[in-house]
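Trainee: Chains R and Y, in that order, are what the protein sequence lines are.
Each step along the first sequence adds one to the number in our numbering, with nothing skipped, and position 23 is 454.
Each step along the second sequence adds one to the number in our numbering, with nothing skipped, and position 160 is 144.
Rather than coming from a laboratory, the hints here were simulated on the basis of the structure.
Nothing false has been slipped in among the hints.
These stretches of chain R come out as covered by chain Y in the derived footprint (C-beta under 8 angstroms, 3 or more residues): (1) 459 to 466; (2) 720 to 730.
Listed below are the simulated SDA-like cross-link pairs for lysine to any residue, each with C-alpha atoms no more than 20 angstroms apart in a straight line: (3) Lys110(Y) / Ser99(Y); (4) Lys743(R) / Arg114(Y); (5) Lys594(R) / Gly571(R); (6) Lys110(Y) / Ala736(R); (7) Lys743(R) / Ala109(Y); (8) Lys140(Y) / Thr461(R); (9) Lys573(R) / Lys594(R); (10) Lys743(R) / Val138(Y); (11) Lys743(R) / Ile756(R); (12) Lys110(Y) / Ala739(R); (13) Lys110(Y) / Asn733(R); (14) Lys110(Y) / Asp730(R); (15) Lys594(R) / Glu647(R); (16) Lys110(Y) / His745(R).
Quick reminder that beta carbons are idealized off the backbone N, C-alpha and C, glycines included.
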Amino acid sequence: MTDRQWDRSAVDREASAWLVRLDNDPDDGTLHAQLQQWLARSPAHRASWERTLDLSALIEAALPSHGRSLANGKTDADNVVAFTPRRHLRERVLRHWRGVGGLAAAVFIGLLVFPHATLRLRADAIAGTGEVQTVHLSDGSKVALSPGSAMSFQSDGNGRNAKLLRGRAFFDVARDPHRPFRVAVAEATVTVLGTAFEIDLEDAGAAVAVERGLVEVAYPERQLRDQLRPGEAIRLDWHGRHINENVRPDRIAGWRDGQLFVRNRPIGEVLAELRLWYSGYIVTRGVGVATRRVTGIYDLRNPDAALAALAKAHALDVRQITPWIRIVTVS
Amino acid sequence: MGRAEENVEGSNGLEQLSLFITQRADLLRYISIIAADAMLAEDIVQEAWVRFNAAAATQTIHEPRRFLFRIARNLALDDRRRRGLEEKLFTGDNEKALFVASDAPSVERSVEAASELVLIRAALAKLPDRTRQAFLLHRVEGLTLVEIGARLGVSKSVAHELVTDAVEHCRAICRRGT
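Bound conformation, chain Y alone (with noise of 0.2 angstroms):
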C-alpha cells in the first residue's frame, strides 16, 4: 500500500474518532433510554463503536451518525430480545421454573419462542395495506416518516399514525397469544 493511501486512511480514522468523540455523550443518552439495563449503555456503545470501525474499513459511510447510532440500538435490542427470552426460560414465574429441569433451553421453550415470531408476522400480514405498507417502509427499508407520507400520499403526521397503528397491532396480538 502506498503512503498516500496511509494518509487518507489514516485521516479517515481521525475523522471517525472525533466522530466519536462528539457523538459519545448523545448516543450513551439514547442507548440508556432504550437498553434493558443502564448499567449496560456503556458496554453497548463500546461494541457498537467496535462494529461501527470494522464497517468502516470495508466501506464508506455516508451517513456516519445515523449508522453509528443504529447500530447501537440493534445491539440493545438484540440484548433485550435475548433476555427475554432467558427470562422465560430460567427464571420466568416460579411455577413454570419448577418444570425446567436443566440450564438448558427446552424444545417447548424454543417453540414457543419461534411461535412469538409467527404471530407477529401473521399480525403483520393481516394488517391493511396501506399501514403494512407504512410500517415495513419504516422498520423494513428505513424510510423517514416525511418520505413514507411523499410515498404514500399523506402527511408526516398521518404516517406516523399508520405506523404505531401497526405496532399497537402487534401489541394486542402477542397480548392475545392468536
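Only chain R is shown next, with the shape it has when bound in the complex (with noise of 0.2 angstroms):
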C-alpha cells in the first residue's frame, strides 16, 4: 500500500468515526461546530466525508426500518415482513424423541414426509427445504415461493385465481385489468390488478405487504376490506383482529435473496425459519425460545453459520448429533 493509500484510508476511518458521532448525536451543536472544523482541514477530509455520506446511505437502505420509535419512545412492531411465527410438524413430533439420537429420527422421516404427499395433491407448486422456487404462471405473472411454500393456480376468461396452501410468497403479477388477479390465503382474498406484493400464511393468521401498485385485502367473514400501497402492509388473524404496518418496499421479502431481517422476535422464530433452510433437523428446547428475543441479519443459505451466530451472542447450547440433526437449548 502506498503513504497515499495509507493516507486516505486513515482518513476514511476518521470519517466513519464523525458519521458515528453525529449519528449518535445529530442535534449537538458543538459537535457540528467540530466537524466543520474537519471538513475544512483540507479538500481530501471534504471528499472522505461524502464518500462516507454515501455509504451511509446505502447503509440505510440496507438495514430494517428503525427500531425504537422517537415518536412515541416504544419499539414499534416487526416491520420486517419476511418472518413468520409456524408451528412445526418436525418440531412435535421430534419433540417426544429428543435425547434418543440420530436412528429414532431417522425413522420418522417418512412420517414427516407424509403431509407433504396430501399437498402434492392440491399443490401446482411447492418448494422444497432450502430453495426459493420461481413459478412463472401461464397468465406470464411469477411468483417467489420461500422453502415449504406451496400454492396452486387457475386462470380462465373471468379471472386469475392462486391460492396459497402453505408458507410465504411474492408475487409480481402480470397486468391484465380484464382479468382480476385472485390470491385466497384461507378465508381471506388479495385481489390484485398489476402489481408485486408478499404474502405470508401463518397458522395463527396472514400478512400482505405490497411493494408496488395497489392490493385490496378482503376477509368477508370479518368484514375487512382494505386497500394496501406501496411500502403498506396488513397483519390479520383468524379471530378477526389486524395490524396495518408500514415497510419499506425494498425490504419486503428480503429471503428473496436468503438474507433474514428479525428485529425484536422471540428466537423461536428465527429458528423455524431456519429450518426451512436446513436439509438436516434443527430441534429446539428450553424456555427461552419463546422469551428470549434477538435482533439481526442472517444468511439463510448458511444455517450452520447463523446458528452458531446465535450461539456466540444468545449463550444457547447447539449439539450436533449425526450429521443431520442439531439440537439447540435455550436456557
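Bring the two chains, given one by one in their own frames, into a single complex with the hints.
Mentor: Spelled out as C-alpha cells, the structure:
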C-alpha cells in the first residue's frame, strides 16, 4: 500500500468515526462546529466525508427500518415482513424423541414426508427445503415461493385465481385489467390488477405487504376490506384482528435473496425460519425459545453459520447428533 | 370536537412551531453538513417540518427535537441514495453511459443497485458478533453509544470503536465488490 492510499484509509476511518458521533448526537451544535473544523482541514477530508455519507445512505437502505420509534418512545411492531411464526410438524414429532439420537429420528422421516404427500395432490408448485422456487404462471405472472411453501393456480376468461396453501410467496403480477388476479389465503382474498406483493400464511393468520401497485385485501367473514399501497402491509389473524404496518418496499421479501432481517423477535421464530433452509433437522427446547428476543441479519443459505452466530450472541447450546440433527437449547 | 380539545391542540401546534423556529438554524447547519447539495438543505428542512407536523397530528412526540433531526437526516440520506443511483444510471462515466440508450433505468442497473444492498447485508452478517450487535443497536434500534456500552458491558469509546469498525467493514466490502 502506498503512503497516499494509507492516508486515504486513515482519513476514511476518521470520517466514519465522525459519522457515528453525528448519528449518536445529531442535534449537538458543538459537535457540528467541531466537524466543520475537521472538514475544513483539506479537500481530501471533505471528499472522504462525502464518500462516507454515500456509504451511510447505502447502509440505511440495506437495514431494516428504525427500531425504536422516537415519536412514541416504544419499540414498534416488526416492520420486517419476511418472517412468520409457524408451528412445525417436525418439531412436534421430534420433541418426544429428543435425546434418543439419530436412529429414532431417521425412522420418522417417512412420517415427516407424509403431509407433503397430501399437499401435493392440491398444489401446483411446492418449494423444497432450502430453496426459493420461482414459478412462471401461464398468464405471465411470476411467483417466488419461500422454502416449504405451496400454491395452486387456475386461470380462465373471468379471472386468475391463485391459492396460497402454505408458507409465503412473493407475487409479481402481469397487468391485465380485464382479468383480476386473486389470491385466496384461507378465508381472506387478495385482489390485484398488476403489482408486486408478498403474502405470508401462518397458523394464526396471514400478512400481506405491497411493493408496487395497488392491492385489496378482503376478509368477508370479519367484515374487513382494506386497500394497500406500496410500502403498506397488513397482518390479520383468524379471529378478525388486524394491524396495519409500514414496510420499506425494498425490504419486502428479503428471503428471496437468502437474507433474514429480524428485529426483536422470539428466538424460536428465527430457528423456525432456519429450519426451512436446513436440510437436516433442528430440534429446539428450553423456555427461552419463546421468551428470548433477538435482533440481527442472518444468512439463510448458511444455516449452520447463522446458528453459530445466534449461539455465540445469545448463549444457546447447540449439540450436533449425526450430521443431520442439531439440538438447540435456549435457557 | 369540544372547545377544550381545540385549545389543547392549538397550544400543541404553537409549541411545535416555536420548537421549529428555535431549532431551525441548528437543523439547517446539521443538514448542510450531510446533504449532497447545500442548496437543498432549505428544502429538506422544510419537508422535515411538514412530516414532523403530520406525525405530531396522530401521535405524541416524546423527543421532538431528536425526532425532527432524525426525519431530516433520513430525507437527506434518501436524497443522496437517489442521486447516487441516478448518477450511475444517466451520467456515470462516459464509457458506460454509451450503453444506456433510454432515460429509463435499465434492468441491469437496478440489479446492480440491488446487489449493493446484498453486499452490505452480507458484510454485516460476516461481522464479529459484538461488532454487529453494537452496529445494529446503533443503526436499527437507535440506542445511544452510552446505552450500547451499558448493554454490551463496555465503555462508550469502545462502543464507538465497534460501530466505526462495522462502517469501515462495509466500506471495504463495497470497494472490493465481494
